[in-house]
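Just so you know, the sequences run in chain order A, B and C.
Letter 191 of the first sequence, counting from 1, is numbered 191 in my numbering, and no numbers are missing.
Letter 119 of the second sequence, counting from 1, is numbered 119 in my numbering, and no numbers are missing.
Letter 306 of the third sequence, counting from 1, is numbered 306 in my numbering, and no numbers are missing.
In case anyone wonders, no lab produced these hints; they're calculated from the structure.
One thing to keep in mind: the hints can contain errors.
[Unchecked claim] List of simulated lysine-lysine pairs, DSBU-like, C-alpha gap at most 30 angstroms:
id, chain 1, residue 1, chain 2, residue 2
1, A, LYS189, B, LYS235
2, C, LYS27, C, LYS196
3, B, LYS198, A, LYS194
4, B, LYS235, A, LYS198
5, C, LYS189, A, LYS198
6, A, LYS194, C, LYS198
7, A, LYS194, B, LYS59
8, A, LYS27, C, LYS110
9, C, LYS194, C, LYS10
10, B, LYS59, A, LYS189
11, B, LYS43, A, LYS235
12, C, LYS189, B, LYS235
13, C, LYS196, A, LYS189
14, A, LYS43, A, LYS301
15, C, LYS290, B, LYS189
16, C, LYS290, A, LYS59
17, B, LYS110, A, LYS196
18, A, LYS194, C, LYS196
19, A, LYS59, C, LYS10
20, A, LYS27, A, LYS59
21, C, LYS10, B, LYS189
22, B, LYS43, B, LYS189
Since the structure is predicted, the reported quantities are computational estimates derived from the model, not experimental observations.
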Amino acid sequence: MEPIDIELLKQLCGIFAPSGNESALTKYLIEYVETQQDNWKTKPELIYGEEFQDCLILKFGEPTTAIFAHLDSIGFTVRYENQLVPIGGPEVESGDLLVGHDAMGPIECKIKDEDGHLFYDFGRGIESGTDLVYKCDFRETEEYFQSCYIDNRLGVYNALKVAETLENGLIIFSCWEEHGGGTVSFLCKWMYEKYKVKQALISDITWITDGVTHGQGVVVSLRDSSIPRREYVDKIIALAEASGVPYQIEVERSGGSDGREIQQSQYPIDWCFVGAPEDYVHTPNELVHKADITAMVTLYKYLMNNL
Amino acid sequence: MEPIDIELLKQLCGIFAPSGNESALTKYLIEYVETQQDNWKTKPELIYGEEFQDCLILKFGEPTTAIFAHLDSIGFTVRYENQLVPIGGPEVESGDLLVGHDAMGPIECKIKDEDGHLFYDFGRGIESGTDLVYKCDFRETEEYFQSCYIDNRLGVYNALKVAETLENGLIIFSCWEEHGGGTVSFLCKWMYEKYKVKQALISDITWITDGVTHGQGVVVSLRDSSIPRREYVDKIIALAEASGVPYQIEVERSGGSDGREIQQSQYPIDWCFVGAPEDYVHTPNELVHKADITAMVTLYKYLMNNL
Amino acid sequence: MEPIDIELLKQLCGIFAPSGNESALTKYLIEYVETQQDNWKTKPELIYGEEFQDCLILKFGEPTTAIFAHLDSIGFTVRYENQLVPIGGPEVESGDLLVGHDAMGPIECKIKDEDGHLFYDFGRGIESGTDLVYKCDFRETEEYFQSCYIDNRLGVYNALKVAETLENGLIIFSCWEEHGGGTVSFLCKWMYEKYKVKQALISDITWITDGVTHGQGVVVSLRDSSIPRREYVDKIIALAEASGVPYQIEVERSGGSDGREIQQSQYPIDWCFVGAPEDYVHTPNELVHKADITAMVTLYKYLMNNL
Chain A
1 MEPIDIELLK QLCGIFAPSG NESALTKYLI EYVETQQDNW KTKPELIYGE EFQDCLILKF
61 GEPTTAIFAH LDSIGFTVRY ENQLVPIGGP EVESGDLLVG HDAMGPIECK IKDEDGHLFY
121 DFGRGIESGT DLVYKCDFRE TEEYFQSCYI DNRLGVYNAL KVAETLENGL IIFSCWEEHG
181 GGTVSFLCKW MYEKYKVKQA LISDITWITD GVTHGQGVVV SLRDSSIPRR EYVDKIIALA
241 EASGVPYQIE VERSGGSDGR EIQQSQYPID WCFVGAPEDY VHTPNELVHK ADITAMVTLY
301 KYLMNNL
Chain B
1 MEPIDIELLK QLCGIFAPSG NESALTKYLI EYVETQQDNW KTKPELIYGE EFQDCLILKF
61 GEPTTAIFAH LDSIGFTVRY ENQLVPIGGP EVESGDLLVG HDAMGPIECK IKDEDGHLFY
121 DFGRGIESGT DLVYKCDFRE TEEYFQSCYI DNRLGVYNAL KVAETLENGL IIFSCWEEHG
181 GGTVSFLCKW MYEKYKVKQA LISDITWITD GVTHGQGVVV SLRDSSIPRR EYVDKIIALA
241 EASGVPYQIE VERSGGSDGR EIQQSQYPID WCFVGAPEDY VHTPNELVHK ADITAMVTLY
301 KYLMNNL
Chain C
1 MEPIDIELLK QLCGIFAPSG NESALTKYLI EYVETQQDNW KTKPELIYGE EFQDCLILKF
61 GEPTTAIFAH LDSIGFTVRY ENQLVPIGGP EVESGDLLVG HDAMGPIECK IKDEDGHLFY
121 DFGRGIESGT DLVYKCDFRE TEEYFQSCYI DNRLGVYNAL KVAETLENGL IIFSCWEEHG
181 GGTVSFLCKW MYEKYKVKQA LISDITWITD GVTHGQGVVV SLRDSSIPRR EYVDKIIALA
241 EASGVPYQIE VERSGGSDGR EIQQSQYPID WCFVGAPEDY VHTPNELVHK ADITAMVTLY
301 KYLMNNL
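Okay, chain A solo, but in the shape it has when bound (with noise of 0.2 angstroms):
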């Protein structure tokens, strides 16, 4: 059983991406491909630029399948005075702490819930259109993992790590999931007018819920409230099953990723989300456990050689 790096994932974990922000990681992404790709069993051809926006994409030989894994996560715009509005769904508690900057420095200060409308408490004023995210506090037990961002910097983590190995696959870092989308339609378009891929997998964190428990491996999800095609998910879950890793079934009335994106597109393509669960969900404290992020790494792998 192949170890978690832990200091990669802490390294994202603590990279500033917010949603329409992700330029940061996107740099650094570019840097650790260009530096690892030595390592890999394949080099992958890097795909990115003003026609892309902020995303990347690996292509590894002959694509068939597309990992898809957000950059951006939740966060916070200062508007005017000491008031912020939220960049996606965060799940705010007074005293959390917030960091960014401005042109005025390096912020870091504690956000307030006043009845949900949220304030900064800071020594100085902060310029309007500021963008903060939650203080990295990456901690880890025997068992698990726990910091912000685990969604969905885990997921970028587990593209990397099949990324190693991957003879023939797109690998596609997209942005602005967590606050509307807007990159995976033209990404979609790409994808397949350029080479018919038409099968795609979301790498992305989901809930600890009454079905969904720790420990019990990666999560491959029925619905959210997005309906796959029904042909195709029982593909994966088939394959799931002849893996041998474990893995727990998800059936959902709410929550949404990139595959609701992928549905609406102009493509007749495939999506199914498949990923480890956390609980604490969109707070600093997001929570997952080692052996679900051993089963993605792991059911990733072997989905890519045989979907």
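With chain A fixed as given, assemble chains B and C onto it according to the hints.
Just chains B and C, lined up with the frame of chain A:
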């Protein structure tokens, strides 16, 4: 006046095809068309396969207008324990009968609604992720048909009846309409890029309201939650007037159809909803007047010839 | 400082063009451009017709940036009896005057709001499906203009003023913005596929809030319910700063524009909202400061030259 093919309508209402899981109905229609087309005025080209997911297209002659009829129905997915989550927007009453199938065999169970939380009542557990639909109890009186899934098997029926004499046009059977859509966008892409078809009719079912009543004819909708382009709708109404077929005008604030997805597609395609009205929408007891069915089929034939 | 063409703005505010029913304004603009373009620095190519529904595009030189100005306004559709349903989100006060036209002739009636249910008060019944809009009462004081439909006839006005000296760029008049959109997606497709235009400015009207006030300049929005890409918005702000034109920064949680639809299109097109602020939004009394109009036109000219 053309007789109603009760057997066909009844069969259609009983086929299992909740959103995302429509393939049984697709297969039924392919077989139906293949056995019936020799009796039709024009033999259509059948277009389907993995580039169309579970959709089916019939192409007649040189098309300039497309009929959209969605295949899917509302229903339920089994969550954990005995919980159910809705597919689309069913109007549930405790005691309604549901049917489906899992690895352990066929299922027929009752639904329980406890303060909006849905449960099944069955002698054994049902596998998580299993889709269930209303059990079909097709009823006929002198003036009415009553069944689950009049919405939208009557829209499908209408398209099949129009097919019998159609010389030029597209009939497009779409999926997922009841639950977020997802196929109309690639169907629009296909039909516009391949045939420059810019006119669509939505063959679907609408509601009895204080302005739309049973037996007064097929409904032409001026708007629901979406507003179609006035110039096109005015053309349809002028043709409806000229046709002599009984029709009613609908103006609503809410509700939606495949028209919404056509409007948001990346193609300048006009759409108009034209369909019979029903009562007891999204229950097992959807009620439609026979005269409105006849008016629907007759007006569609006229429109497809004159639009 | 350039004078404001009051007559043009007044005329624009009085033209009937609710969402889905914009063709009168499209025709007005085509005629306006055809008669005015000889006085313009560059003669644009006029692009319109059935492939563009009721939209109109002016193409100047070699475009790299597009101005989007939506033509449509909020309004009302007559339902059954004396009921009205809204087009977009009007802020109604009983007694507001509405105008329109049906087969029986011209209409001028009063609106009644009874607990959020809307009715008209008129001497005769009005045909179901008839669209009504606010009656235009254009008012001028030393510092302000006040009228219905400043939103978005001022955005249209701005585009026409920029057109006078524009050498390279697209001016795109879109439809349906107030009610779900539906044209921006095909307009994006056209402009990206034909000219690789990846930069957009949204010429529209925003709100007076606790951070945006009358007379303080044109508003550059960092976000509303959608978040544009930070890198692009930062570029706009740097140019606004360099231009010397008075401008204000906006940061909101709600609200939206054609920018939302651009972001969700299948093309990597950046967008930024730049427009004057108004008070009494979506009423017959929208109020805008003259200095903010001048700032808007001046900044657009600068941006179109320097972006």
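So, going through the hints one by one against the coordinates:
Distance check on the hinted pair: LYS189 (chain A) and LYS235 (chain B) sit about 34 angstroms apart at the alpha-carbon level, beyond 30 angstroms; violated. For the hint linking LYS27 (chain C) to LYS196 (chain C), the alpha-carbon distance of about 28 angstroms falls within 30 angstroms, and the restraint holds. About 27 angstroms separates the Cα atoms of LYS198 (chain B) and LYS194 (chain A), which keeps this hinted pair within 30 angstroms; it holds. Only pairs whose Cα atoms come within 30 angstroms are accepted, and LYS235 (chain B) paired with LYS198 (chain A) is rejected, the gap being roughly 39 angstroms.
Note on LYS189 (chain C) and LYS198 (chain A): the hinted pairing holds, with a Cα-Cα distance of about 22 angstroms set against a maximum of 30 angstroms. Restraint check for LYS194 (chain A) and LYS198 (chain C): satisfied, since their Cα atoms lie roughly 20 angstroms apart, inside the 30 angstroms limit. Restraint check for LYS194 (chain A) and LYS59 (chain B): the C-alpha separation of about 27 angstroms stays at or below 30 angstroms, so the hint holds. At most 30 angstroms may separate the alpha-carbon atoms for a hinted pair to count; LYS27 (chain A) and LYS110 (chain C) exceed this at roughly 59 angstroms.
Taking the CA atoms of LYS194 (chain C) and LYS10 (chain C), the gap is about 35 angstroms. The hint is violated against a cut of 30 angstroms. Note on LYS59 (chain B) and LYS189 (chain A): the hinted pairing holds, with a Cα-Cα distance of about 25 angstroms set against a maximum of 30 angstroms. Between LYS43 (chain B) and LYS235 (chain A) the CA atoms are separated by roughly 35 angstroms; this puts the pair beyond 30 angstroms, and the hint is violated. As the CA atoms of LYS189 (chain C) and LYS235 (chain B) are separated by approximately 27 angstroms, the hinted pair is consistent with the 30 angstroms bound.
Between the alpha carbons of LYS196 (chain C) and LYS189 (chain A) the distance comes to roughly 15 angstroms, so the proposed pair stays at or under 30 angstroms and holds. Proximity of LYS43 (chain A) to LYS301 (chain A) is assessed by CA-CA distance (about 16 angstroms); at most 30 angstroms being required, the pair is judged to hold. Under the criterion of a C-alpha separation no larger than 30 angstroms, the hint pairing LYS290 (chain C) with LYS189 (chain B) is inconsistent with the structure, at around 45 angstroms. Pair hint LYS290 (chain C) plus LYS59 (chain A) does not hold up; C-alpha atoms about 54 angstroms apart against a cutoff of 30 angstroms.
At most 30 angstroms may separate the alpha-carbon atoms for a hinted pair to count; LYS110 (chain B) and LYS196 (chain A) exceed this at roughly 44 angstroms. With a CA separation close to 18 angstroms, the supplied pair LYS194 (chain A) and LYS196 (chain C) stays within the 30 angstroms bound. For a cut-off of 30 angstroms, the pair hint linking LYS59 (chain A) to LYS10 (chain C) is broken: about 56 angstroms separates their Cα positions. A C-alpha spacing of about 17 angstroms is found between LYS27 (chain A) and LYS59 (chain A), which places the hinted pair at or below 30 angstroms, so the restraint holds.
The suggested pairing of LYS10 (chain C) with LYS189 (chain B) is violated, with an alpha-carbon distance near 40 angstroms, which exceeds 30 angstroms. A distance of roughly 24 angstroms separates the Cα atoms of LYS43 (chain B) and LYS189 (chain B); the hinted pair therefore holds under the 30 angstroms criterion.
Checked against the numbered hints given earlier, the structure breaks hints 1, 4, 8, 9, 11, 15, 16, 17, 19 and 21 and satisfies all the rest.
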